[in-house]
Structure formats: C-alpha cells, structure tokens
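Visitor: Each chain is listed here by its residues.
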Amino acid sequence: MQEFLQLVVSGIATGGIFASLALALVLIYNAMGLVNFAQGEMAMLATFVAYSLVNRGMSFWIAFPVTLVLAFGGGIVIQRVVIKPAERAPVLTLVIITLGLATLVNGLAGFIWGYVPRSFPSPFSPDSVDLAGVFISYRDLGVIAVSGLVLLCVYLLLQHTTVGLTLRAAAHHPEASRLLGVQVSWMLALGWGLASAVGAVSGMMVAPILLLEPNMMQTIIIYAFAAAVLGGIESPLGAVVGGLIVGVTVNLAGSYIPGVGGDLQLAVGLGIIVAVLILRPNGLFGRAAVRRV
Amino acid sequence: MGRKAPGFAAVAAFLLSVGACGGGITPTTQTDVGITSNSILLGTTNALSGAAAAYGTIANAENAYFTHVNNNQGGVNGRKITFKILDDGYNPAQTVPLTKQLVEQDQVFAMFSGLGTQTQTSVREYLNSKKVPQLFVATGATTWGKDFNSNQWTLSWQPPYQGEARIYAKDVLANHPNASIGVLYQNDDYGQDYLKGLTDGLGDKASTMIKDKESYDVTAANPFAQLTKLKGAGVDTVFLFSTPKPTIQSLAFITAGLHWEPTIYLNSVSNPQVYMGLAAKSGAALKNVTSVGYIKDPTDPQWAGDEGMKLYKQVIANCSTCNVNDGFNIYGVAVAYTMVDVIKQAGSNLTRANIMKIASSQLNESNPFLLPGIKVTTTSSDHFPIMQEQVITWAGTGWKLQGSLIDERGTIK
Chain A
1 MQEFLQLVVS GIATGGIFAS LALALVLIYN AMGLVNFAQG EMAMLATFVA YSLVNRGMSF
61 WIAFPVTLVL AFGGGIVIQR VVIKPAERAP VLTLVIITLG LATLVNGLAG FIWGYVPRSF
121 PSPFSPDSVD LAGVFISYRD LGVIAVSGLV LLCVYLLLQH TTVGLTLRAA AHHPEASRLL
181 GVQVSWMLAL GWGLASAVGA VSGMMVAPIL LLEPNMMQTI IIYAFAAAVL GGIESPLGAV
241 VGGLIVGVTV NLAGSYIPGV GGDLQLAVGL GIIVAVLILR PNGLFGRAAV RRV
Chain B
1 MGRKAPGFAA VAAFLLSVGA CGGGITPTTQ TDVGITSNSI LLGTTNALSG AAAAYGTIAN
61 AENAYFTHVN NNQGGVNGRK ITFKILDDGY NPAQTVPLTK QLVEQDQVFA MFSGLGTQTQ
121 TSVREYLNSK KVPQLFVATG ATTWGKDFNS NQWTLSWQPP YQGEARIYAK DVLANHPNAS
181 IGVLYQNDDY GQDYLKGLTD GLGDKASTMI KDKESYDVTA ANPFAQLTKL KGAGVDTVFL
241 FSTPKPTIQS LAFITAGLHW EPTIYLNSVS NPQVYMGLAA KSGAALKNVT SVGYIKDPTD
301 PQWAGDEGMK LYKQVIANCS TCNVNDGFNI YGVAVAYTMV DVIKQAGSNL TRANIMKIAS
361 SQLNESNPFL LPGIKVTTTS SDHFPIMQEQ VITWAGTGWK LQGSLIDERG TIK
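Protein chains in written order, with this note's numbering: chain A, 1 to 293; chain B, 1 to 413.
Incorrect hints may appear among the rest.
[Claimed, not checked] Coverage of chain B stretches by chain A, computed from C-beta distances (three or more under 8 Å per stretch; other residues unrestricted):
no., segment
1, 221 to 232
2, 279 to 289
[Unchecked claim] Over the 10 Å line for every Cβ pair with chain A, so calculated as not near, a few chain B residues:
no., residue
3, Ser49
4, Asn151
5, Asn187
6, Gly203
7, Lys205
8, Gln249
9, His259
10, Trp303
11, Asn349
12, Gln402
13, Thr411
[Claimed, not checked] Covered by chain A, according to a simulated footprint, are these stretches of chain B (three or more residues, beta-carbon under 8 Å):
no., segment
14, 53 to 62
15, 237 to 248
None of these hints come from the bench; they were simulated from the model. Every residue gets a Cβ at the ideal spot worked out from N, C-alpha and C, and that includes glycine.
Start from the sequences and build out the full structure, keeping to the hints where you can.
Guide: As structure tokens, then:
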C-alpha cells in the first residue's frame, strides 16, 4: 500500500511537471488555434537565460522576473519574425515552422551552452516531507503550487480581462475581430509572448529536478501534449488536471500492468492521446466544437 | 554513356601518368588509401549535437592529442595526422551516410573512435565489407571484443560493460555477501550488457541475491517510479546501470525523494566527477557509493605530480573548448595515444591490414593516462584491449581508489 501511495505521489509530482508545460501549450492554442512544437525548447532556452543571469551573480528572485520579461519579449519577437510571414498559410505550414523552430532553438542552446547537464538553483529545498512513510519533495510541491498559481493567472487573464477576451476573439474569429477594430496580428504576438513566459516559468521550476541541458524538455513535451489533449486543448484547468492524471497513470501503468514496465511509459502517454482523440475528442474539460453549416 | 568516354580516357591517362611518376620515386614504405608521404587521414563520427552531445568533446580531445604529436614530434614517422570529425548527433541514420562520406569521398585511412553502440553497429558491416579499419570504437558493448572473429576490421578499446559488472559482482560477494540487490537498468543493449555481467558474475547466487530488476526507457522523464518500486521491494543494495542524466536524477531521488540509504553501485559511464557534483547539488547524500575506474581522474589530487597527468594537461591545452577536468577528455587523449602507438608500430608497413593486425593481436602498451599497472593488450585469441579496472568509492569530494587492479581478462567467452 505504501508503495502504491508513493507511486501515486511521485506520479502527481511528475504530472506537475507535465502540467506546467501543458499550460503554455494551452495558452498558445487559445491565442492562435494551433499547437506550438517549439514550446518546450523555448522554455528550455529561457531557463538557460535565467541560468546565465544567476551565474553572473544575480539573485534567483531577480533573475526570475527578468527572465519572464525577456521570455515574453522573445516570444513576441519570434512571432513577428518567424510566424507572421506565414500567418495566412495553412495550419500545416505553421506546424512545420514550429517544428523547425524547435530544432533551431535546441541547436542554438547546444552551441552556446553545450550539452553537459547543469544544476539549476531552486528556491525550494531538495528534501521531502514525510507523510506517514510516503515522501513528496518540496521541489515537486513547488512545481505544483506554481503551476496552480500560473493557472489562476491565466484563467483570470483569459476570462476576466478585456485583453483576454480580445485574445480569444482574435484567435477564433479573426475576421469579425478585425471588423471590430482588434489588431489581430498583434494579439497573436501577445499570445506568443504570454505562452513563452508561462513556458519559462515551467522551465525554471522543472530544471532543478530534471537538470538543465538542451534536451531537457524533449521528453516532457510529448507528455505535456498528452496532458493538454486529455484536459481539452483549450482548457487551462484541463491541462493541469490532465498533467496530473497522465503522471499518475504512467507511473501506475509502468508498475502494475504486466508487460508495460519502465519500457513502455512513453507508449502509455501516446496511448492516452490516441484514446482521448477517439473517445472524447474535446478532452475532459473542452467544449464540443459547434459549427453552423 | 558514349559522351563520357573521352573524359574517362583522359582520367585514365592521367592516373597512368601519376602511377608512372609514383613508380619513378619508388617509395620504400608500403601504404594504403589515406596515406601520403607526409600525412595520415583519420575520420570519426561523434555526437557533437543531440541527446548524447556531452560525449562530443571526446573527438576534440583526440584531435588535441594528434595536434600535440604533429607539433611536438613532427607527426608519426614523419607523417602528420589529420583528423576529420563529423557530427552524427548519435543517430545511426546519420552515421551511415557520414561514414560512407569519410570512406568514399574523403578517403580516410581508418575510422577512429566512432561514438556509440548503435551508431557504430550500424556501420560495422559496411566498414568490414570495405576492409576499412573501425578502430577503438568509443563504446563498452561486449560485442566488439566478443564477436571480433566475424568482424575483423572492428575493435573497441575501453573495458566491456560485462567485465565491469563482473567486478561489481566480485565486490558485492566479498564485502556485502548478504546483500539484497535491486537493479535499475536502461532497457537496451547497454543496460542488458551490464545486467548480464552482474548475473554471470554472481553465478548461482544471482537468483537469490537479485531481488528486483527495473528497467527504464531513454525517453522517460525520470526513473522515479522504478526506484520507488526498488525501495518497496525491500532491497538494500542498488545498482545503477544508467546514463549520466537518469543516474544523477536517481542519486538525488534516493536521498531527497525517498529518504533512503542503500549501498549504491554506479556504472563507470556515469561516474565522472562533474556528474557526482551535480548529484550532490541536487540533494544526493552520496554515501556508500561504489564504482570502478581505469583512467586517471584529472580532478584527483593524487595525480598532481604524475607525468601522465602533466602530459594530459599540456595536450588538452591544444583544445580551446575542452574542460580540463572533464573525464571524457582524458579518455579521448588516452585512446588517441593508443592509436598513435599502433601507427608508430606499423612503421614502414602502413597498410590497413597491418594496422588491424597490430591493434587486434599485438598490443602491449602502458598508457600514461590509465591507472598504473594497466596494460592495453591484445593477442591472437583475445580482442578486449583493456580488461583491468579498480574499485573506487566516493569520498565526498572525489573518488578514492580501493584495493588493487582487478583483471577480468578471459572471463568473457
């Protein structure tokens, strides 16, 4: 029983990591109706920026907001330079662009910082709390708490501010928004900036646990996709719940379903994506797409 | 086709005249593709980018040694070594075309120290069919030495993983005879090679001593669930047969995440000091950690006055991107030393066949970068160049050598 509980707890902890990146994916989906395959790599790059700042003697608590601002600006620049020229192109073109961007950012980080893993400072102790023999580390709790905080901010922004409303309108009804005077193109850029900043939070939270190196987010992004799809790709709450479910499922499936073991964890993640797309295409928290024909 | 004929004839005529000139000088040495009177061309593929790019520095360190030999000794027997390094990103799909490029376009004399088990396996058949030496591949898979007879143009250098695991088995039997063992291993040839060595080494005790085996996939975010299972299985001794990143994660998780203090055996792939430091920073207690070594550790103060270490530091200064304390760099310099040794021994008979003959059956070298007493040896019936290693334990800031060299030569059939 204790082992089962420990597996659940460590699944929740790992799920928190998936959730934090899934939030950024959801945000960009809300902003422009597509998934950004470069999200993980952008988060990794932002984390390296934070690492460099801390390494030059800046305190973590100053480097953190500075990195968020830089990531926000970087996201906007990327949208303006790379995405805008292809704005009216088919979705597939944009997806391929984000894939290319992922490779480019990964190579760039490797070129600048090399591939040897580095430790990244964490505001939380590496130690863990003992809950009757089941342990959960402060860092994992930190990831979950910060993800919850980001979730709250994203929710408030999207649902309770004019900017959020304009953002969603620009993504889903660009023509109508344009007629109403919304600067659609800049709204998309804003969405990229926000997603980039949320990704940066994720990167800085998970780097102490996963170790910082250019490929840090590559294993995470698939699970983050699974989390986002499971939760309903439009729903920030869904992303967090989806992340936790994926984390726990992967852990338990690996331990208790014969034949899965540690070998097929990724397959379980992909299986979740496929199953959700077949059984409930809108995810747990997504709304069914209604289209008048 | 017909239109090409004049061109072909011209080339043929040119070649004939070149041949005639060559005949006129009558070189005293017998040579091969990739050798001129003053140069030797070697090629390699390494992971300069991608998931395993931490190893990429090995190629640069090797080049640093060749530069050292070229500058300070005028090359080997008057020939300077040119080393062409291509980046395969640790991806066999790239290793194949890049190796073909090196062999067919660049016309290298030999491939040297290609990195990775799967990547090098993907070109083994090609290089053997072309009779191009695939020397001292940078992987500890047991197959290189074991299957030499069916691939006589391929040879590795470092101790095989199975030999290393057998040393752990000996150490456990001697020091922890009542151990209850749990193994974490990567679910590929690499992890299974280690597991087999451990199982073989424990002999008939294996089934009672090994309580649980948990594998992880390279694509997993972390091996935390597997470690939780191992703790749940009640083992008191953990073997980590894992690459650096999951190893660091494991060491940290065992202490900080599970409040657990098992005896830990750590495979040499992940024991460079820089990784141990990272594990400590991530919260690992690093108590009772055992591994093995065969190369001098640049960060170990006991080698401060050592001639080999002084030479290493002088050599590695030729590489501006190489971190002098990175264990991979002294590995690169050490294996390049053996390569130069082989070319030197070939003397005036510098052919691919002779190089292979020397490397695979006539090596008997004391390498200044390896632990004292280690002999790099091959014979007509033994093709594992390095088979001696020494147990090391972590002493807070560095590895401490324990006991004496353990020789596993002849144990792997």
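Visitor: Are three or more residues of the segment 279 to 289 of chain B within 8 Å, CB to CB, of chain A?
Guide: It holds, with 3 qualifying residues against the three required.
Visitor: Test the statement that threonine 411 of chain B is away from the interface with chain A: the closest C-beta pair must be farther apart than 10 Å.
Guide: Given that every Cβ of chain A is farther than 10 Å from that of threonine 411 of chain B, nearest at about 29 Å, it holds.
Visitor: Just to make sure I understand the rule, a stretch counts as covered if three or more of its residues have a C-beta closer than 8 Å to a C-beta of the chain. Does the segment 53 to 62 of chain B meet that for chain A?
Guide: holds (count 3)
Visitor: Are there three or more residues in the segment 237 to 248 of chain B whose C-beta lies within less than 8 Å of some C-beta in chain A?
Guide: Coverage by chain A holds here, the residue count being 3 at a Cβ distance below 8 Å.
Visitor: In terms of Cβ atoms, is chain A entirely out of 10 Å range of lysine 205 of chain B?
Guide: Non-interface label on lysine 205 of chain B holds, nearest chain A Cβ at 25 Å vs cutoff 10 Å.
Visitor: Serine 49 of chain B: least C-beta distance to chain A exceeds 10 Å?
Guide: Non-interface label on serine 49 of chain B violated, nearest chain A Cβ at 5 Å vs cutoff 10 Å.
Visitor: Beyond 10 Å from every Cβ of chain A: is that where the Cβ of glutamine 249 of chain B lies?
Guide: At roughly 7 Å from the nearest Cβ of chain A, glutamine 249 of chain B sits no farther out than 10 Å, so the non-interface label is violated.
Visitor: Is the claim that histidine 259 of chain B lies outside the interface with chain A correct, judged by CB distances over 10 Å?
Guide: 6 Å, violated
Visitor: Are all C-beta atoms of chain A more than 10 Å from that of tryptophan 303 of chain B?
Guide: For tryptophan 303 of chain B, whose nearest Cβ neighbour in chain A is about 22 Å away, the distance exceeds 10 Å, so it holds.
Visitor: Quick check for students: does the CB of asparagine 349 of chain B sit more than 10 Å from each CB in chain A?
Guide: 40 Å, holds
Visitor: Any Cβ of chain A at or closer than 10 Å to asparagine 151 of chain B, or is the non-interface label fine?
Guide: 28 Å, holds
Visitor: Does glutamine 402 of chain B sit more than 10 Å from chain A, CB to CB?
Guide: 27 Å, holds
The structure is inconsistent with the numbered hints 3, 5, 8 and 9, although it conforms to all the rest.
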